[in-house]
Amino acid sequence: MIKRTAVIGLGSVLMGDDAAGPHVLRRLEAELDLPPGVELLDLGTPGPELAHIVEGLDALIVVDSLKMKGAAPGEVRLLRREEILRGPQPDRLSPHDPSLRGALLAAELLGRSPQEVLLVGIVPAEAHLGIGLTEAVRGALPEAFDAVVAELARLGYAARLRPAGGVAEAWWERPQPGR
Amino acid sequence: MAQRIVVDPITRIEGHLRIDVDVDGGRVRNAWSSGQMWRGIEIILQGRDPREAWLFTQRICGVCTTVHAITSVRAVENALGLEIPINAQYIRNLILAAHALHDHIVHFYHLSALDWVDVVSALEGDPAKTSQLAESLSPWPHNSRRDLEGVKAKLGEFVARGQLGIFTNGYWNHPAMKLSPEVNLLAVSHYFQALEVQRKANQVVATLGSKTPNIQNLAVGGVANAINLDNLTTINMDVLYRIKDLLAEVKTFVEQVYVPDVIAIGAMYPDWLGYGAGVKNYMAVPDLPLDSKGTQFDLPGGIILDGDLSSVRPITQFGEPYFQENVAECIAHSWYDGDWTRHPYEEETVPRYTDFEDNGKYSWVKAPRLDGRPMQVGPLAQVLVGYATGHPLIKPEVDAALATAGSIAGVKLGPEVLHSTLGRHLARAIRAKVIAGLGLKHWGLLAENIGKGDFTTFVKPEFPKGEQRGFGFHEAPRGTLSHWIVIKDGQIANYQAVVPSTWNAGPRDDKGQPGPYEASLVGNPVADPERPLEVVRTVHSFDPCLACAVHTHDADGNEVSRVRAL
Chain P
333 MIKRTAVIGL
343 GSVLMGDDAA
353 GPHVLRRLEA
363 ELDLPPGVEL
373 LDLGTPGPEL
383 AHIVEGLDAL
393 IVVDSLKMKG
403 AAPGEVRLLR
413 REEILRGPQP
423 DRLSPHDPSL
433 RGALLAAELL
443 GRSPQEVLLV
453 GIVPAEAHLG
463 IGLTEAVRGA
473 LPEAFDAVVA
483 ELARLGYAAR
493 LRPAGGVAEA
503 WWERPQPGR
Chain F
569 MAQRIVVDPI
579 TRIEGHLRID
589 VDVDGGRVRN
599 AWSSGQMWRG
609 IEIILQGRDP
619 REAWLFTQRI
629 CGVCTTVHAI
639 TSVRAVENAL
649 GLEIPINAQY
659 IRNLILAAHA
669 LHDHIVHFYH
679 LSALDWVDVV
689 SALEGDPAKT
699 SQLAESLSPW
709 PHNSRRDLEG
719 VKAKLGEFVA
729 RGQLGIFTNG
739 YWNHPAMKLS
749 PEVNLLAVSH
759 YFQALEVQRK
769 ANQVVATLGS
779 KTPNIQNLAV
789 GGVANAINLD
799 NLTTINMDVL
809 YRIKDLLAEV
819 KTFVEQVYVP
829 DVIAIGAMYP
839 DWLGYGAGVK
849 NYMAVPDLPL
859 DSKGTQFDLP
869 GGIILDGDLS
879 SVRPITQFGE
889 PYFQENVAEC
899 IAHSWYDGDW
909 TRHPYEEETV
919 PRYTDFEDNG
929 KYSWVKAPRL
939 DGRPMQVGPL
949 AQVLVGYATG
959 HPLIKPEVDA
969 ALATAGSIAG
979 VKLGPEVLHS
989 TLGRHLARAI
999 RAKVIAGLGL
1009 KHWGLLAENI
1019 GKGDFTTFVK
1029 PEFPKGEQRG
1039 FGFHEAPRGT
1049 LSHWIVIKDG
1059 QIANYQAVVP
1069 STWNAGPRDD
1079 KGQPGPYEAS
1089 LVGNPVADPE
1099 RPLEVVRTVH
1109 SFDPCLACAV
1119 HTHDADGNEV
1129 SRVRAL
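Protein sequence lines, in the order shown, are assigned to chains P and F.
All residue numbers for the first sequence refer to the numbering used here, where the first residue is 333 and numbers rise by one.
All residue numbers for the second sequence refer to the numbering used here, where the first residue is 569 and numbers rise by one.
In case anyone wonders, no lab produced these hints; they're calculated from the structure.
The structure presented is a predicted model; accordingly, all values stated were derived computationally and were not measured.
Note that the Cβ used here is the ideal one computed from N, Cα and C, for glycine as well.
Fair warning: there could be bad hints in the mix.
Only part of the chain P face toward chain F is listed, based on derived beta-carbon distances under 7 Å [to be verified]:
(1) Val345
(2) Leu346
(3) Leu372
(4) Gly376
(5) Thr377
(6) Pro378
(7) Gly379
(8) Pro380
(9) Glu381
(10) His384
In silico DSS-like cross-links for lysine-lysine, where the CA-CA straight-line distance does not exceed 27 Å [to be verified]:
(11) P/Lys335 - F/Lys779
(12) F/Lys768 - F/Lys848
(13) F/Lys722 - F/Lys768
(14) F/Lys1028 - F/Lys1056
(15) F/Lys768 - P/Lys335
(16) F/Lys819 - F/Lys963
Working from the sequences, and respecting the hints, build out all of it.
Right, dumping it as structure tokens:
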């Protein structure tokens, strides 16, 4: 039975399209009435502690930018646990490489790796230093949002949209008055 | 290269540190350290509100979030001449201490111990003998035969299933691996236990900072934590005691596991007390302030030149003029336009990428210098400053650790062995032990001050018209971090972060002086150029904040291997 679920946004808000994950998280925070047992976490680019965040969860939904052969910028790809683990093995927990695969494997060493895992991957066009999404990725956010809501429903949660609809503010996109 | 699904987000896997070494006759003859990702936080911050800078700087790096946040607010406070309430100082100190403990433990066990510990050999370890050995080193209660049998069984299961998981790509059976199966088994068991303990250190950060990795409780002028002993949602006695328990648990692990492990492993690799010194100019800044102004500290700061411990130039206060005046960054070998050396207030960031040029530009990292000299920063620098100045907490720990390591190794060890690859590990463990004690001390100071009825945590900053300049520093887990800010009419006009890994991983400067990583690698042995474990050992000893790709060249400059080592 699914008891504990986390929706995690990964990515740097300072690196263009890499902010897709944090953006989707802001929208989820603003627009969703969260059912008990579900947590929303914008983690930025975490290090080894990612293992501890996923450890002990029953289900995990990750929203992140994703590089994948044959996928075009702005595409949303969904990967399940087995597909995530199928990649090359990471050497060891690395401080700057918040490898989801590494975190899942480390959680397994501790004996408590979530079994239900969905990666909602958004393929970036530009991920260089600078704030702001490209049109391709901004246009993909609703699809990623819907994928998270659908996954919550599949897991048995009644995740309802707030009737009024909240306003998602991305603090990092506030204008710079002096520029 | 069969599978090309890259789940790791692209920006972060491109952010590698690259190390190139020339190897000849089994030794490193020359080395280059190159950062493969460019940074330019000032481009993002120009024109913004200085009160929000920390929100952005803590996103520079997913591992060093809190340290960039705290250094940023210190920089703005310095520019404004703002003193913060003592409660805010203590709360920040608790976060800094817990973060440092988390970092040091994770660095040793999860990011570098496997350079020395052979996981596969641990499968041959005899749990009974291992337990006996462990009990001779430490009173830690989780070294029993049963505990170790459990670890061995767990490891065996992974191997039987054909998957070592995160242990897959280690340098197992490498000729430079020297520990007995029993010591390897003991270290692996502590690797697992450290996974649990580091989480407790992180819980302290999360409890006070509201969230981790990106804390929410800071403000220019103090912290946003409300203290109200009768309110469940603020800092109250319940929260305070939870923090105390967590700190105490981490402290026990550091004293009974981390420090003894580093001493024992160090004593079993005595050669490595002779490799990896490199740049013997050291710099640390004081930290864990005891007053509002930042003139008294529990951790020492100072400068040591040429490894001479008989004379230390102390750094004693926030805003230290010598530090402010003498830090500069050089871009002669960095991928920016020009070849200048400038003060952080005067820097600009105009990228100009060339190829990797051995004698030209080869890194996105700039080369920071103090009064023209490269400086090594990090726990070793702080511990040496403490040792040389007779710091009451640091000096006895160093003497005791050297005596124990010497008795295991059967030689007499003096402080000169600290200038080495293993010296950096030992210093980090000692620093962790000192900070573990100080964390509880600052917990006591906070509780005592609250007990007096002082609940103040914030003073409102005022931004006058005109220009203000300031800098903040923090002795972060990887060493001296400084942020430099120029404010004009309440907005950010310039901002620079001079980070520890820039001091250590920076390239050569305009005089051709190599940076600490580069200098430390020269002379290192390399038994097998296809598996340059020894290079990885020395680079990892600095706690590099970038994943590291190691390239090995033969003397003709041809690449003989390209090794991905994290």
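These are the hints, each one checked on the structure:
| no. | hint | result |
| --- | --- | --- |
| 1 | Val345 | holds, 5 Å |
| 2 | Leu346 | holds, 5 Å |
| 3 | Leu372 | violated, 11 Å |
| 4 | Gly376 | holds, 5 Å |
| 5 | Thr377 | holds, 3 Å |
| 6 | Pro378 | holds, 5 Å |
| 7 | Gly379 | holds, 4 Å |
| 8 | Pro380 | holds, 5 Å |
| 9 | Glu381 | holds, 6 Å |
| 10 | His384 | holds, 5 Å |
| 11 | P/Lys335 - F/Lys779 | holds, 22 Å |
| 12 | F/Lys768 - F/Lys848 | violated, 35 Å |
| 13 | F/Lys722 - F/Lys768 | holds, 23 Å |
| 14 | F/Lys1028 - F/Lys1056 | holds, 18 Å |
| 15 | F/Lys768 - P/Lys335 | holds, 23 Å |
| 16 | F/Lys819 - F/Lys963 | holds, 19 Å |
Checked against the numbered hints listed earlier, the structure breaks hints 3 and 12; every other hint is satisfied.
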